[in-house]
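There are 2 protein chains.
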Amino acid sequence: MTRITADVTFLRGYNQARVMALGRTARTFERSTVVEATGLTPQAVSKVIARLTGDGLIRPAGLRRTGIGKPAVVYELVPDSRYAIGAHVARRTLRLALVDLAGAVRHSAVRPLPGDFTPEQLLDALTAGIGAITGDSDVRGRLTGLGIGMIGPLDHANGLVRDAHGLRHWHDVPLREIAEKHLGLPVHLDKDVTAGITAEAWRHGATFGDAALIMIESGIGGGFWLGGTAHRGAHTNAGEFGHTVVDLNGPRCVCGRHGCLEIVHHHAAEAGDITQAARVVAVGVVNLLQTLDLAHVVLAGADLLRHPQTYLTAVTEAVRADARRADWLTTTVTVSSLGADAIAAGAAMQVLDRHYGVPELAPI
Amino acid sequence: MTRITADVTFLRGYNQARVMALGRTARTFERSTVVEATGLTPQAVSKVIARLTGDGLIRPAGLRRTGIGKPAVVYELVPDSRYAIGAHVARRTLRLALVDLAGAVRHSAVRPLPGDFTPEQLLDALTAGIGAITGDSDVRGRLTGLGIGMIGPLDHANGLVRDAHGLRHWHDVPLREIAEKHLGLPVHLDKDVTAGITAEAWRHGATFGDAALIMIESGIGGGFWLGGTAHRGAHTNAGEFGHTVVDLNGPRCVCGRHGCLEIVHHHAAEAGDITQAARVVAVGVVNLLQTLDLAHVVLAGADLLRHPQTYLTAVTEAVRADARRADWLTTTVTVSSLGADAIAAGAAMQVLDRHYGVPELAPI
DNA sequence: AAAATTTAGCAACAGCGTTGCGTAATAGAG
DNA sequence: CTCTATTACGCAACGCTGTTGCTAAATTTT
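Sequence lines, in order, name chains A and B.
The first sequence runs 64 to 427 under our numbering.
The second sequence runs 64 to 427 under our numbering.
Rather than coming from a laboratory, the hints here were simulated on the basis of the structure.
There may be inaccurate statements among the hints.
The following label-pair restraints were derived from C-beta to C-beta distances [stated by the list, open to error]: (1) 191(B) x 226(A): 55 to 61 Å; (2) 338(A) x 247(B): 54 to 60 Å; (3) 71(A) x 423(B): 18 to 24 Å; (4) 383(A) x 205(B): 45 to 51 Å; (5) 183(A) x 128(B): 43 to 49 Å; (6) 179(B) x 135(A): 56 to 62 Å; (7) 70(B) x 183(A): 39 to 45 Å; (8) 125(B) x 183(A): 58 to 64 Å; (9) 125(B) x 317(A): 37 to 43 Å; (10) 136(A) x 244(B): 43 to 49 Å; (11) 247(B) x 221(A): 35 to 41 Å; (12) 317(A) x 205(B): 53 to 59 Å; (13) 126(A) x 423(B): 32 to 38 Å.
Backbone N, C-alpha and C fix where the C-beta goes; we use that ideal spot for every residue, glycine too.
Go ahead and model the full structure; you've got the sequences and the hints to work with.
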């Protein structure tokens, strides 16, 4: 937990982050754009821009002539100035993504993981994968770190894997620490779903409101973006959305309760009725909307990507019909724009966000 | 929305808020306490304390002799230095609470509201109630404003009541604006459940993690405290927790869906089976824990207060048994310490929090 | 009475955004 | 071509924040 005290360095980081977010989402911007977006004075924006230009994070990209008067300097992010690597650790595969400062996935690759793999086997796969994906030695020097998106439960704050579901060798493994030692890179560990929603939020910038990413794979999870930041929960284990009961008299779930969203969905999918499975997910999504009032719902995950349109239709329809919401209560429903790379890319963006996003402040 | 730019005034407000939070929760504190809690230098804390003392918000309250060395000055909040009034607008009653800067409820009173009351009738009741509760003219000059906690849907950001459930005369009523004009006080409008959870968080200060307040009255709602602030959602309408489906094949709810928590609970309660009703709520609470990973669950509401122990037992038991959580995943379950005043008191605290809490920053 | 220890504050400083004002660059009018 | 209006931009001084270096005050111990 990088807690900083509230001194002037916070102001610097905060305002720089706002400009960076603008550059990420708008591709080009000028001083006046930033002034309007931030409420800072033009002079203050000049200083921020000078600092970022000095660091090589942004650069001038021409002039804009509006008519009368001196032309404005147009700036743009320098995508190649910084990189991060994201890793999506699933039960049988390791997916890696090389993401640049602009949030673009420059390379991605999947490699198999041994059945019931050990921490050591994962580290070896990471080393090999990172070596392959950063063939260009120029990238190496600009790497800000590695983000790992993984199934839980895990302790994000301390970089500890508590009890990864269905993996025997993963109990209280200090993955962040051993990976940092093994790879020589700063490592950021988070739940897969939280990484996924970060990717969506990062690409949308300030216009992105409260949102959830619903991940449909062997299990069903939910990642949340609330109040301008990822919601991880009191013990950084939010997201077990699949284990919410939607059918009090339903079948028994592995978690011990009856009628969990996940088991009900699984039964429908097993029976081949994808439409019904999608409807079950849709019920869960509307439950979330009622509870949390979200602006965006993003669908992702391997099982979803097999029938994206079926799920999209079912959820969209349910949101429209069941939520009985007025026209001012709008919620967009989309399939993750990053496809199978969503988790890995989001994990990488979390690393970049640690450096170039809003600095963390201690709570109250 | 009081958005401030990130300049040095933010730092001042932020660090002052941290000291105020400390004074609220610890009752007495000294410079060294603040230094430890905030990470600021002793000299910076001296300046903050000097400012707050100058404003009359805190005052010296003796010395503490530890042994050798100069004794430390002990400070305390001045509870009487500021007040706020909170109003809980329910379907048939208006409950008012006078809350001091320390978060204590100094007076509270209930008065009936006419059936299907109009905005004008509410304003009249507010005027009369505020007059009665602030009999001491000394309080008047120290009033920071009025907070209104009310059923939704409503637009917190713009102070608009959209469509209060079951109230005919409440469609797109700009309540904040007309109340400010009518009462001559700053007014803060929020959903009842959000006000309620604010009360709990305010009294606990920085040690309070992510939490939910479950309000069981004619309907069932949920207020959320996530990441150190109230979660209101994209359209400030989070909290319709009662309208989450827990029984896919359950009875039809007024909202149009089947098997909502609220209707299932209602049926059980109607049948006189409070234990079963409490169990239904418990299922919903565990759903929330799975999804959001909360540190605290607070139970409140008129119907709950008729059988507090039954509900508390059922929810505590379900949290312990059903969530299948490791020992590091602890969640406390309590009944709101403010009883029937919870919503009104929380609405008042929201007003105080606007002045003496953490200043709002624009998102990213 | 002298020394040790802890607390508190004064003064100078660095760094943030702000304010005041001067300078550069362009289009259009005369 | 020249002048003017207009727009963009930066230098310099400033106010305010927390920080640093050092001094003074108050108490207990020796």
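Problem set entry | Structure versus earlier hints - violations, ascending order | 5, 7, 9, 11
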